[in-house]
Structures are given as structure tokens and as C-alpha cells.
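Enquirer: Using the hints, position chain B against chain A.
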Amino acid sequence: MAQFNTEYQRLEASYNDSPPGEELHVPEGMKSQWHHIENLDLFFQRVYNLHQKNGFTCMLLGEIFELVQLVFVVTFTVFLANCVDYDILFANKFVNHTVSSKVTLPDAFLPVDACSARIHGNVLVIFILVISGVFWLHRMVKFIYNICCYWEIRSFYTNALKMSMVDLPYFTWQEVQAQIVEIQKEHQICIHKKELTELDIYHRILRFKNYMVAMVNKSLLPVRFNLPFLGDMVFYTRGLKYNFELIFFWGPGSLFENEWSLKSEYKRGGNRLDLAERLSSRILMIGIANLLLCPVILVWQILYAFFSYTEVIKREPGSLGARCWSLYGRCYLRHFNELDHELVSRLSKGYKAASKYMNCFMSPLLTVVAKNVAFFAGSILAVLIALTIYDEDVLSVEHVLSSITLLGVCITVCRSFIPEKHMVFCTEQLLKVILAHIHYMPDHWQGNAHRYETRDEFAQLFQYKAVFILEELLSPIITPLILIFCLRRKSLEIIDFFRNFTVEVVGVGDTCSFAQMDVRQHGHPAWMSAGKTEASIYQQAEDGKTELSLMHFAITNPLWQPPRESTHFISQLKDKVHREAIGGLQEAPVDSHTYTSIHSLQSEEPHSLIANLLQGPPALSSQYVDNDQLLANHKSVAVVDGGSTMCSPISTSRHLHSSYPASHGLRYDHLTGTVGRGLVGSGSGSRAWEGQLTSMALSEYASTEMSIQALYIHELHQQHSRGDLSRHTWHRQDSDDSSEGVNDAEASHSLPHSSTFPCIATPHQQGASNNHCYAATTEPLTSIVRGQRSAHFPMGDWVEEVQGSDDELPPQIHKVT
Amino acid sequence: MNCRSEVLEVSVEGRQVDEAMLALLHTILLHRSTGKFHYKKEGTYSIGTVGTQDIDCDFIDFTFVRVSSDELDRVIRKAVAEFKDALNITGSDGMGQISLEFYQKKKSRWPFSDECIPWEVWTIKVNVVNLANEQERQICREKVGEKLGEKVINVVEVINRHEYLPKMPTQSEVDNVFDTSLKDVQPYLYKITYQITDSLGTSVSTTMRRLIKDTLAL
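Chain order of the listed sequences is A and B. Each residue of the first sequence is one higher than the one before, counting from 1 in full-length UniProt numbering. Each residue of the second sequence is one higher than the one before, counting from 1 in full-length UniProt numbering.
In case anyone wonders, no lab produced these hints; they're calculated from the structure. Note that CB positions come from ideal geometry on N, CA and C, so glycine has one too. Treat the hints with care, since some could be wrong.
Said to hold, decoys possible - Reference listing, derived: stretches of chain B covered by chain A, where coverage requires no fewer than 3 residues with Cβ under 8 Å from a Cβ of chain A:
1) 2 to 12
2) 73 to 79
3) 154 to 166
Bound-form chain A, shown alone (with noise of 0.2 Å):
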């Protein structure tokens, strides 16, 4: 090694005394003890968890109370099982009272001696108390962990992020994610890279929840059963999936090493076969160690179910009847890279359409049923009342209050069977509007919304409330009996699908490469980007799930730079909704020219926040205000009026919407002319209250150019799989088109008008809104219908031929009563 020898000498140095005029250094100290957080991981979600729970005050009072919470349910079953007399209480037995004959209520209470020896007495009750000691001591321990944690991430808000705890509630979550973004420059939290991401961050908090919901997505995870009698059936608990957690994420011996790597050994494909049966045995462990548990967390989940149902089913007895999105179809409809809060919010703004939907299907039978049950009862309940009401006594009659309770009850039970009147069904539409909130379904729903098996499959999504609780209390026989003869099954798969799926991202470690929403490496050449996609029927998303994500994250985070694959696919389908969008537009025959300006204005800058404010929801945005004025003036048209309330799922919503939007519209009409890209500007400068106001009026507005796009995706999805259609569909689709064909002239004749005179709506406008039932009904949709109208222009221009035949009833009103 020729080039190693050079000449090194040996410096004499003198390290004691420094020769004089030597360099004096200023040292930087450890000006923040932010710099180089060692598990960023933890430390950024702990900086989410706190932001979602509003601050600390609010977290450790949370977290105190749920601790005092365990206590009472603990200590009062034991008292109410061991301390009580029932006899006293039922009055069985009398008690000897001098001074008075009442009964009190601490006549009933057993002396501490007697219960105390009740209790030493009852091994069960020991039991149970042992058990759950050993729980609340391990949640005040970890509370206690928490708290010091927590403190740690307040003072990261306060010193490092600049935000105090009494504002945080009132910060975004993209807001805070931004201050940390400007911070990781200063402070070099994450060392690997000079600037984060936003899809580092998330990357970060949702390492895990990404691949959940890509194993899911894949259906690899034991959830859907067939079973005999049963039919398909999916069952996917909170018990069930910290199994899972545990086996694949965190617990003894699971595949992975820490928060962010995967163990070496599971990422090279030699020795599979010998994990897969590693893990198969460890699955094993676990299942039988739930099955040892069973008992205990059975206990408690009847215990925590009583507790915490009982008083809300005597408040609102119907709230068993309402329905709730299952775990299952969190995970299914989660995209990758979403945060709690953000799917949170999706869900619950298409609650509405979604319960409307279920109740689309009520059983004639059990309505008939029911309507003569409510009779009946309703008849005895009416007597007793109006007895109780002559005199009072009647109330003291052995079992009148109790009936009257039951009576009661029973009829808000019956009153969930019977569907309301003046009530019109639209399924095909609902499903449409459900669809632009939770943005995935299965392909065969669409045109199929009015039957059974699309109803039973959506219930699996959106199921009872009553249900939930029920899967939740059989969840601990059942889930270690899924995980020894279902999961075991496929412990090669989940190898497999770990070695294949999991990347190392610079700067953040191994993370799911579904979650990198790669399209070229991901995509499914069925859902847009066909072409693009590289990927192996393996290794497609399903559902469209790689692109929908990519669109989701990319509207969520404007500020993020995409990789230049990912931007081509972004903006080629901004372009395309645009495009068609403009398209419908200009067909209109009243003046656009407010919209070619906005049009101008966008050729400008394509790929800036504005244009895509611009181009997609100010748009529905004056929709919305003009569907809000035209129903102001039909009010008196009952019609209208009752239609627009049964069918439109998203009225009350609406009128948010229009608030919101209203406003902005008419301040970008200002804006516009001068400022341009003022806009985002506001964002962040200009006053506090107006940057809260934007940064909400964004997030709003990002959702529903989310919904638009979704919609779109579906339905250039449903146009590529139909391929060669039959006739047969060629009719239906038609007809079904019919419907929109309306929208379509609603929206195109409206939309111009709104976005500088809102109050105006047009002669035509009324006419059609006045025109039959159905125009009336679909019409607060029209907003949403939009974007997938658009979708029809490519395939060909029968839309116009459609146009003038509103008078036929399309086929989805399934049902009018």
C-alpha cells in the first residue's frame, strides 16, 4: 500500500500548559436538550398523543380519573355482591325500628364485620380482587411512567415548539407537525437528516398501524370466517388485535428488535421455513397463554362492559340500535399514513349516510311485528300513566314503576323497527355519498347498493353498537382459539410478507413499504395507474389502496414534496378532475368567465395550494351556498322539503360547510384579483384568528377535494374493470346515469352564477328542483355526484342525450314509503 506511507510525525505536544496565543474556542453548549432524541418513534407519538388529548391538564386528569374509575367498579361490585341485604331492600324482611318505620338505605347495608367475613369467605371474590389489584397496580405504574414521559414532551410544546398547553387544543395537528419540521433544522432532532418530512413524521407514528392495515389490505390477517350457519362473518377485536400487536410488533420474541427494525434474521428469505415455524410455535404460547387468561379477562370485560353500558342503555335504549364503524372496517378503510384524528373525522362525517343507509333495509316483517308490539304496549302504558296521573299510589303498586319502565323501553326498541314516514330511499345514491367519505369499497357494491348481501357486507364495516359490545365480551374464548387454529396457518405468509414488504427508509428504519405509497412499486394497473405500476399481483395494493393514499397524503400535507413519480401521478389526476371539471363547466350557457379567470390564474401556477383551492372546492363551495338558497325558497314545496331532509345525508353537515367555504369564496373573489398567492401567505401570517380560520377552512377544504378525488378514482376504476360490457349494464348504467344527467344540469347551470351572486338562483334552477321528487332529493348531492359526473365524459357523449330525460325515475329508488 504504496500510498500509506507517508510520513507522520509524532507532535511533541505539551498537553498540560497550551502555548500562548493559541486559538480560544466558544463552546455551544447543549443550548436544548431537543437535539438527537434517541426513540424518535416514541417521541413522536407521545408529541401526537398528547396534541389529540388536548394537553396535559387534560391528559393527567384523564388518566387520574380512569385510575379512581377502576377502583369504584372494583371495590362497589364487591360491596353491592357481599355488603348488601337484599331481603331489607326487597322488603321481605322487616327491620325493627322504634323511632320510625321507613326503611332507610343504610338499614341495608350488612355490618363490616359480617362482610368482611362474607368476603374471606368467597374464594371467587378474593380472586377477582387479587386480579384486579395486580392490574391497577400495573396501570398506576405505568400512569406514573406516563406522567414523567409526558412532562418531558410538555416542555418539548413550551420551550422548543413555542406553543403553551392552554393553546394546544386550538393548534392543528398539521400545524404543529409544521413547527416541528422548522425545528429539526435548529435542533437536529432526528440526526440522520438535516430537514424531516412530514411523511418521516408519520412514518414514525404509524410504522405499526401501516402494517396492520396492509396486512389487512391483503388479507392476511385471520378476520373473515366462513362459517357454516353463519355465513361470512368477520371478527376483529380490541383483544384480538393486541394479540396480534403483540405476536408481530413488540411483545417477547416478536419479529421485530426495537420500535424501528426489524430482527435481521427475518429479512433474509433463507431460513423461512425455519421462522415460520418459530413463529407458529410462539403463536402457539400465546394462544394457550390467553386461554389460561380467559377467565380473568372475561371477568373483567363483563365487569367493564356492565359498567359502562348499563347506564347508557336506561338513558337512551336506543342507542343499542345505533351503529358504530367496527375495528375491522377501521382498519379496512384506513389509508396508509393516516392518523387517528384524520380517519376519525372521515368516519364520523359519513356516519350519517352510512346509518341512513343500514336503515334502508329494515325486515318488512319485523316491521309489522313491531308496529302491533308498539301498539300494545303503547295501549298499557298509556293506562298506567294516565292512572298515575289520577293518583299517584298506582305508582306504589308492586311492579307498576318497573312496567312502566319495561313498557317504555319496549317501545323506543319497536320505534328503531318501524322506518319513518315520508321517507324516500335512494341506495345507490347514499352508497355514493358514504363512498366520498370513507373513499373505499368493494368493486361489486356499486349498482348492487339495493341489495342484501351489499347491505350484510357494508354491516360488517358498520356494525351495531349492541354487536360490537357482544363480540367484545366473547372476544376472550374466542381469540385464543383464532390464534392457535387460524393464525398458526399462516405464520409462512406473515414471514414472507414481512421479508417482501418491509423497506429501510433512510432516517427513519424499517417501515412498510406499502406505506412509502410508491405507485410504480405498489400500484394496481386497475386503479389509475395502470402503465406506471411495476408490481406483481403480489405485490398490488388492493382496493386501490396505494393510490387513494398517496391522494389522501398529498392533499392532507400540501407542503409535502412527493417523489417525482408520485407528483406526475398527482397532478395528472388533479388534471384530469380539472380538466373535466372546467369541461362541465364551459359547457354552461350562462357567463363563466369568472371561472376562466380562476382557470388563468391556475395555468399559472399548477401546482400551488391555491390552484387546487381554486379548482375543486370553492367550486362546491357556492354549490353548496346555491343548494342552501334554492331550498330557502322551496320551502314551502313539500317535496322538497322532505325529500332534501331524508335524502341528503350530509345536510346538516352542509350547512357547515357552507359557512366555511361562503366566506372563503367570496374572500378569494378579493383575493384573487391581487394578491394571488396571498393566499397561503394568510396561512401563516397576517392575524391569529384568520390563520386559525384558514388552516380550518383548509383542512375542510382538503376533504372534500379528497372525497372528489376518491369518487373519481372509483369510478374511472369501475369504467377500466367493466371492460367489455354487456348489454344488459349498458342499459342499466344508463339509466342510472339519468339521475346524474340531472346534477348534471343543476350543477352546470348553477355554479357560475354562485361564485359572485349566491343569492340568485334562476327560474331553471327552481324548475328543476320543483320538477319531480326525485331531482329534489338527489339535489344536496349534487356537490358530491360532481366529481364522478366528470368521469363520464371520456366514455363517450351520451351524457347530453340523457340530459333531457329527468322524467323517468332512475331504478336505484328502491323503495318509497
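Expert: Using the frame of chain A, we list chain B on its own:
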């Protein structure tokens, strides 16, 4: 993990192990050491000088530079010797890795002990080969020398990148960043650990620690 990690791989003959390890470890430490800090009253400090020294290897055609600090050398030699012993116990054709981890101490509040947060980890993977005859040994001698030369250039390239280094501390914090126990030189706080391939799986204690941590962090 919020820390850079660099991996170097070498395959050497049994008797070359300690020299190769020393060469690489010393090369890295040469670039991660400074002279002693002398703090002045006004909050400034001056840096003492560091001597360097050429070391010729006996079993490899290679000369490397190290900080001329015998104390540091002694510490490194000891670690390398332990590593070599561990390798020998498992058999001559063993595989192992030695890692040099630079870390920073962070003072924590009362219930927690001080955290040691690594910011850079160098992992040197060693593959010990058996050679049949003297001629092969001769070739190996040159080959390994060349390889080590490449590695040294690698190391220098990595170190030349402008990446995160702990900020220069004030007098009170100097122990959190630098190892001040040596008289003549002041490297960043470092830790040398080694693993032999047979025991590459995580040890019982780390598993237990993780288990406790995980249950707390539920």
C-alpha cells in the same frame, strides 16, 4: 434508532484479527478524538494538541495512524484481546462483530438513570478464514493490507460528511460528550462491544429489559 450506523466487513486469518481490529478502531478513534479542553474563566476554551503515531503491522502489509496515547491504546487492545479470545473459544473459523458506539449522556430527572444515547455506531464484521499453506498466507497478507486501506478510505469518507456531531459542550457538560478520563487525549464518549455469531441472538437480560419497558409503554 436515531443514530447513524456504518458497517465494515473484513475477512482475515486468525492471527491477523487483532491487528486488523486495532487498525480500524484506531482509525475511527483518530477522527473522533480531540485534544484536551482547557476551559478559561470567560466561558471559552482552548484545545490541546494531539499527537499521532504510525504503527506497522506484523502480519499484514499495512501501516496505520493512531493517536499517540498509550492509555487509549491499552483500552482498545484490551477490548480487542477479549474479542479474540471469545473468537478462539468458539473455534478458529468463527464469525463475529465488534462495534464501536459513540454516545452522549443525557441527564434525566430523578426516577430515571442517565440515558446513554448513541449517535454513531461502527460495526466491524469479522470473518476468520483458515489458510492451508505459507504461500496463501503471503497472498492474504497483501490482500488484507489492501482491503484495510480501502476501509480506511471508507472511514475517512464517512467522517468527512457534514453530519450530526454533538455540539461542543460547556465545562459542566463536558463529561456528557467526551471521555475525559484520559490524560493526553479526549475522544467522544465511546463503548466497545463485541458479539460472536453463535450468540448473535439477543441475550436474556436485554429481552427482560425490553419486556419491562414494553409493558410500561403499553
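Enquirer: Give a verdict on every hint.
Expert: Results for each hint:
no.: 1; hint: 2 to 12; verdict: holds (count 3)
no.: 2; hint: 73 to 79; verdict: violated (count 0)
no.: 3; hint: 154 to 166; verdict: holds (count 3)
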